[in-house]
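Enquirer: Whole structure, please, built from the sequences with the hints as guidance.
Using the UniProt record's numbering, you'd call the opening residue of the sequence shown number 1 and step up by one each time.
Please note: incorrect hints may appear among the correct ones.
Claimed, not checked - Quick list of simulated restraints, FRET-style, between CB atoms: (1) Pro39 <-> Gly5: 47 to 55 Å; (2) Ala32 <-> Gly10: 26 to 34 Å; (3) Ile66 <-> Glu40: 37 to 45 Å; (4) Val68 <-> Met1: 14 to 22 Å; (5) Leu55 <-> Gly8: 20 to 28 Å.
Read the hints as simulated data drawn from the structure, not as lab findings. We treat Cβ as the ideally placed atom computed from N, Cα and C, and that holds for glycine.
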Amino acid sequence: MEGLGFLGAGIGAGLAVIGAGLGIGNVAASAAEGVARQPEATADIRTTMIIAAALIEGVALFGEVICVLLALK
Numbered sequence: 001m002e003g004l005g006f007l008g009a010g011i012g013a014g015l016a017v018i019g020a021g022l023g024i025g026n027v028a029a030s031a032a033e034g035v036a037r038q039p040e041a042t043a044d045i046r047t048t049m050i051i052a053a054a055l056i057e058g059v060a061l062f063g064e065v066i067c068v069l070l071a072l073k
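Expert: Here it is in structure tokens:
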């Protein structure tokens, strides 16, 4: 039964990393498109992008912590 906990933690950690990577990729792509369309708004777009990336990383870190707790249970 303990092996299933490790398996679940590994799968959960992998999904958290994949989700964070996809989320940050979408944010960066949208920010690059926004800067290309409106170069004068670069500073505002960059600030919004950094905040969104930080929130995505926070959720991914939360998911990783849950997976570690699952593995150590």
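Enquirer: Taking the hints in turn, state whether each one holds.
Expert: Verification of the hints:
| no. | hint | in the structure |
| --- | --- | --- |
| 1 | Pro39 <-> Gly5: 47 to 55 Å | holds (51 Å) |
| 2 | Ala32 <-> Gly10: 26 to 34 Å | holds (33 Å) |
| 3 | Ile66 <-> Glu40: 37 to 45 Å | holds (42 Å) |
| 4 | Val68 <-> Met1: 14 to 22 Å | holds (18 Å) |
| 5 | Leu55 <-> Gly8: 20 to 28 Å | holds (25 Å) |
When held up to the earlier numbered hints, the structure conflicts with none and fits them all.
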